[in-house]
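Engineer: Sequence:
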Amino acid sequence: TDFSDNAKHAAEYAYNLANGLKANLVLCNALVVLAEIPDTGMVAMPAGEYDELAKDSSEELELLKGSFAKTDRPDSFQPAIICISEAGTVGDVVDNATGKEDVGLIVMGTHGSGGLGTFLLGNHSRRMIDEANKPLLLIPKSASIKPIKKVAFATDFKHPDKDLKVLYEL
2 TDFSDNAKHA
12 AEYAYNLANG
22 LKANLVLCNA
32 LVVLAEIPDT
42 GMVAMPAGEY
52 DELAKDSSEE
62 LELLKGSFAK
72 TDRPDSFQPA
82 IICISEAGTV
92 GDVVDNATGK
102 EDVGLIVMGT
112 HGSGGLGTFL
122 LGNHSRRMID
132 EANKPLLLIP
142 KSASIKPIKK
152 VAFATDFKHP
162 DKDLKVLYEL
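So in this note's numbering, spot 120 of the sequence shown is number 121, and the numbers just go up one at a time.
Don't read these hints as lab results, they were simulated from the structure. Please note that a few of the clues may not be correct.
Pairs of lysine-lysine, DSS-like flavour, derived with a Cα cap of 27 Å [what the hints assert, rightly or not]:
no.	residue 1	residue 2
1	Lys9	Lys150
2	Lys66	Lys101
3	Lys147	Lys9
4	Lys23	Lys163
5	Lys135	Lys66
6	Lys163	Lys151
7	Lys56	Lys9
8	Lys9	Lys142
9	Lys142	Lys66
10	Lys23	Lys9
11	Lys166	Lys101
Restraint ranges, calculated between C-beta atoms of paired labels, are given here [unchecked claim]:
no.	residue 1	residue 2	range
12	Asp76	Glu53	39 to 45 Å
13	Val152	Ile83	23 to 29 Å
14	Phe4	Lys135	21 to 27 Å
15	Phe158	Glu63	41 to 47 Å
Backbone N, C-alpha and C define an ideal beta-carbon position, used for all residues, glycine too.
Given these sequences and hints, build the entire structure.
Structural biologist: What follows is the structure in structure tokens.
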């Protein structure tokens, strides 16, 4: 999550999916750390800013985690939630998280932004489609939260053995 409205919606979707599947959930935030770029005049993040950013990220993850508990019924399954906040690119942080935890599916919100926002920040959804080491479920902000009835599996048929393995896992 990047704590945007789209990402929070995707996290809520993932929580409800985990609840229905009786699975646990890993909430993950990638801290983008600015670095000095020689010959451009760009300045590195001031000392102490990273610690503050990491603290804010951890607090936001805990708030998001707590918001799910408000919707739980006491007699129903309640997924265990692990929060991970690390510095790095979204792809690297998610890859590390899936390596540390038993992750079967990555759930991520889509951003409909384009133009300058996409130019400056890139398109994380597009990168994750290319880089994800687990099945990826992209959730648009307009997706209603309800039980899944159909699943579409996209493939380029380059690695049919890997595709079959993923299908069996799903």
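Engineer: Indicate, hint by hint, whether the structure satisfies it.
Structural biologist: Hint check results:
A C-alpha spacing of about 22 Å is found between Lys9 and Lys150, which places the hinted pair at or below 27 Å, so the restraint holds. A C-alpha spacing of about 19 Å is found between Lys66 and Lys101, which places the hinted pair at or below 27 Å, so the restraint holds. For the suggested pair Lys147 and Lys9, the alpha carbons sit about 16 Å apart, so the restraint of at most 27 Å is met. Distance restraint check for Lys23 and Lys163: the Cα-Cα separation of roughly 26 Å lies within the 27 Å cut-off, and the hinted pair is therefore satisfied.
In summary, the hint linking Lys135 to Lys66 is supported, as the alpha carbons are separated by about 23 Å, within the 27 Å threshold. Using a Cα cut-off of 27 Å, the hinted pair Lys163 and Lys151 holds, with the two alpha carbons roughly 21 Å apart. For a cut-off of 27 Å, the pair hint linking Lys56 to Lys9 stands: about 19 Å separates their Cα positions. Only pairs whose Cα atoms come within 27 Å are accepted, and Lys9 paired with Lys142 is accepted, the gap being roughly 9 Å.
A C-alpha spacing of about 19 Å is found between Lys142 and Lys66, which places the hinted pair at or below 27 Å, so the restraint holds. The straight-line distance between the Cα atoms of Lys23 and Lys9 is roughly 20 Å, inside the 27 Å bound, and the hint therefore holds. Simply put, Lys166 and Lys101 have alpha-carbon atoms about 20 Å apart, close enough for the 27 Å limit, and the pair holds. A hinted range of 39 to 45 Å holds for the C-beta pair Asp76 and Glu53, which are about 41 Å apart.
Hint check: Val152 to Ile83, Cβ distance near 25 Å, so the stated range 23 to 29 Å holds. A hinted range of 21 to 27 Å holds for the C-beta pair Phe4 and Lys135, which are about 22 Å apart. For the pair Phe158 and Glu63, the beta carbons lie near 42 Å from each other, so the given range of 41 to 47 Å is met.
Comparing the model with each earlier hint shows no violations; every hint is respected.
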